[in-house]
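Same order as they appear, the protein sequences are chains Z and H. Just so we're aligned: 161 in this note's numbering is position 161 of the first sequence, and the numbers increase by one with no gaps anywhere. Just so we're aligned: 193 in this note's numbering is position 193 of the second sequence, and the numbers increase by one with no gaps anywhere.
Some hints here could point you the wrong way.
Residues on chain H that point at chain Z, a partial pick, calculated with CB under 7 Å [said to hold, decoys possible]: (1) VAL135; (2) ALA137; (3) LEU252.
Covered stretches of chain Z (chain H as the covering partner; in silico rule of three or more C-beta atoms under 8 Å from a C-beta of chain H) [as the list claims (entries may be wrong)]: (4) 1-10; (5) 71-85; (6) 141-149; (7) 232-245; (8) 302-310.
What follows is a set of in silico ranges between Cβ atoms, one per label pair, in the way DEER data are often shown [said to hold, decoys possible]: (9) Z/THR246 with H/ALA183: 28 to 34 Å; (10) H/SER26 with Z/GLN129: 21 to 27 Å; (11) H/ARG194 with Z/ARG79: 51 to 57 Å; (12) Z/ILE25 with H/SER73: 52 to 58 Å; (13) Z/ILE17 with H/TRP205: 38 to 44 Å; (14) H/PRO244 with Z/ASN267: 44 to 50 Å; (15) Z/TYR4 with H/ASP128: 18 to 24 Å; (16) H/ILE40 with Z/ILE68: 56 to 62 Å.
Simulated from the structure, these hints should not be mistaken for laboratory data. Keep in mind it's a predicted model, so treat the numbers as computed, not measured. We put the CB at the ideal spot given by N, CA and C, even for glycine.
Residues per chain, in single letters:
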Amino acid sequence: MRAYIIRRLLLIIPTLILVSAVVFITVRLIPGDVIEQMAIQMGQTTQGEQIDFDKIREMLGMDEPWHIQYGKWMWGALRGDLGNSLFTGAPVTEGILDRIPITFELGFLAFIIAQLMAVPIGIYSAIRQDSWGDFLGRSFAIIMLSIPGFWLGTMVMVFPSIWWNWTPPMSYIAFTDDPLGNLQMFIIPALLMGMAMSATTMRMLRTTMLDVLRQDYVRTAWAKGLRERVVVVRHVFRNALIPVITMMAGQVPVMIGGAVIMEQIFNIPGMGRFFLDAINRRDYPIVTGINLILAGFGMLLILLVDLSYARLDPRIRYK
Amino acid sequence: MSNVTDTTTLHLAEQRKYSPLRDFISRLFKEKKMGAVGGIIVLLMLVVGIFAHWIAPYAYDLNNMQIAMQPSSPAHILGTDQLGRDVFSRIIYGARISMIVGLGASTINVVVAAIIGVFSGLVGGKTDLVIQRFVDAALAFPMLIIVITLMALIGRGLIQTVLVLGIWGAIAWIRVARSAVMAIRENVYVDAARVIGCSTPQLIWRHILPNISPILIIMFSISMSGNILGEASLSFLGFGIPPPYPSWGLMLSVEGRRYMEEAWWLALWPGVALSVAVYGINMWGDAVRDLLDPRLRGGIGRYGRATRQIQMQTTKQETTILGRLKSLLVRR
């Protein structure tokens with residue numbers, strides 16, 4: 001088992017190097033560069049002054065060939081330094097570390113809300129198949145799958161402000177300053193993201209539970225005279241979890257994408273906003289850094305999911 | 001009459017020809033009513049998209065500042081936006097953009113996934129392993145982040161959006177196509193075809209592709225809503241369709257969000273259109289999957305009917321103790 005984990009972790013390294021190289025080159029192929037974006041901004045403040053583009057490029061180390069730039073960046077990255085922002089000069093690693101907790105808080109809250117909704121409704125839908133409750137749960141899931149989160153987010157901004165003159169809090173409050181205010185700010189975007197996410201989990205849980213309910217060992221459990229709660233929780237739910245967990249992990253990258261949109265709508269200074277600003281300014285180190293960190297996170301997640309199979313299903317063993 | 005051979009028995013022995021398409025449609029309306037509703041919504045979107053220039057009362061970019069941001073009136077039933085353009089007409093033209101993206105990107109999804117999946121599944125071995133590692137690495141990325149990076153690379157536009165969503169979105173489907181191919185490869189008829197001297201392209205064309213075609217159709221129907229939502233999200237963030245084209249996502253971001261205090265209808269209607277469209281496509285996709293997936297039903301065509309009849313017979317017979325126990329477990 002330990003050897004398996006080590007091997008899997010080692011396999012992540014070459015993949016990350018490949019990913020970083022691809023992203024590193026891709027962002028440099030994007031038309032326009034940071035100097036032009038700076039010039040556009042400066043053009044509004046200092047007019048008539050001639051800007052020496054080449055000198056700035058040299059200053060930022062952008063005149064060197066790509067493979068040398070990549071080599072320098074990689075050397076830094078290995079020591080945990082992802083370079084400096086081309087636009088503001090601030091270190092990228094710190095910038096990302098400052099914003100990760102914000103996006104993770106949003107994602108974590110959304111995930112909890114999604115599971116709190118999906119698991120009870122999914123189980124109920126499966127054990128009371130074709131009842132009114134099942135029908136309501138499934139309709140809710142289908143409707144949530146169809147309504148785009150960014151539209152619902154916009155609606156939450158528009159209609160309460162017209163009807164009750166109320167808008168969700170729009171200025172960021174740090175958790176350490178005011179935990180309640182911070183939660184108030186996060187709860188609406190997290191609820192919107194969680195509802196969308198719960199729909200997929202709910203449907204999946206219902207289908208797999210229906211599948212398991214027809215298994216012979218469940219019939220045995222009923223025949224033994226076990227109580228419904230024991231049969232459902234211990235025999236059915238646990239065995240229905242494997243595909244559901246795979247799917248939940250697959251949802252996490254989707255959720256990060258959702259966080260990008262929600263951060264934009266609700267003015268939350270997380271990774272998503274950081275990324276969008278960086279790509280608009282052609283701030284290469286930030287774009288590369290965020291992509292690298294998110295890909296590494298995604299791969300670790302896949303590993304964790306694979307390991308969780310062994311805990312859930314004793315038949316699965318890794319060598 | 002001395003005629004021994006009765007015509008009715010002859011008729012029974014005759015093979016009845018089933019049209020798979022007709023069978024599919026009749027089953028859709030009989031068994032999957034919500035799927036039929038979804039299908040009608042999709043059809044309606046197609047018609048509206050194709051004939052947008054006849055249905056829409058105004059052109060999508062006809063601006064008239066004198067009537068900017070007016071609520072609904074008989075002349076403009078859904079009101080006008082900040083440039084005095086008719087919202088209703090823009091939503092109708094938006095259906096065209098959504099349908100182009102949905103159909104185009106899903107076609108690319110299916111074609112790319114089928115090509116790589118068939119290759120990976122048939123060749124197997126080291127090549128397959130390398131391709132699967134690439135797929136794993138690509139899937140570890142948050143889709144929206146990488147798609148935004150790619151859109152920044154090749155620029156905004158309709159064709160660009162279709163290409164990026166089509167090609168990057170295909171990666172998730174490669175696994176599905178590959179596992180379908182691997183399951184079919186194990187069949188005896190594939191070995192038989194090889195033995196009688198079938199070349200690899202022939203094998204793929206005559207044996208593999210027809211057998212994975214239900215899965216490819218399911219892929220197409222399911223990926224469509226994701227692609228339409230993807231385009232809307234991209235346009236919403238300013239990386240998809242450029243103005244003045246009336247993408248629903250773009251209408252929500254530019255007009256809807258900036259002027260939401262003064263003109264709420266700008267934020268409402270594009271979202272309603274998008275939700276209804278995605279709802280219809282989801283219902284349609286679910287029905288297609290349920291009707292075509294060989295694991296869920298006896299397959300399409302007359303075999304599907306045969307197995308269903310057998311199933312109905314067995315349910316009637318379930319009056320035994322076992323049957324009662326079973327129905328107790330299922331708790332209908």
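Structure-based check of each hint:
1. VAL135: Cβ of H/VAL135 sits 11 Å from chain Z, so the hint is violated.
2. ALA137: At 5 Å from the nearest chain Z Cβ, H/ALA137 passes the 7 Å test, so the hint holds.
3. LEU252: Holds: closest Cβ of chain Z sits about 6 Å from H/LEU252, inside 7 Å.
4. 1-10: Since three or more residues must qualify, the claim that chain H covers the stretch 1-10 of chain Z is violated, with 0 doing so at under 8 Å.
5. 71-85: Violated, because only 0 residues of the stretch 71-85 of chain Z bring their Cβ atoms closer than 8 Å to Cβ atoms of chain H.
6. 141-149: holds (count 6)
7. 232-245: violated (count 0)
8. 302-310: Not satisfied, violated; 1 residues make the cut.
9. Z/THR246 with H/ALA183: 28 to 34 Å: violated, 19 Å
10. H/SER26 with Z/GLN129: 21 to 27 Å: At roughly 26 Å between Cβ atoms, Z/GLN129 and H/SER26 fall inside 21 to 27 Å, so the hint holds.
11. H/ARG194 with Z/ARG79: 51 to 57 Å: Holds - the Cβ-Cβ distance for H/ARG194 and Z/ARG79, about 55 Å, lies within 51 to 57 Å.
12. Z/ILE25 with H/SER73: 52 to 58 Å: The hinted range 52 to 58 Å holds for Z/ILE25 and H/SER73, with Cβ atoms some 54 Å apart.
13. Z/ILE17 with H/TRP205: 38 to 44 Å: holds, 39 Å
14. H/PRO244 with Z/ASN267: 44 to 50 Å: violated, 27 Å
15. Z/TYR4 with H/ASP128: 18 to 24 Å: holds, 21 Å
16. H/ILE40 with Z/ILE68: 56 to 62 Å: At roughly 60 Å between Cβ atoms, Z/ILE68 and H/ILE40 fall inside 56 to 62 Å, so the hint holds.
In this structure, the earlier hints numbered 1, 4, 5, 7, 8, 9 and 14 are contradicted, and the remaining ones agree with it.
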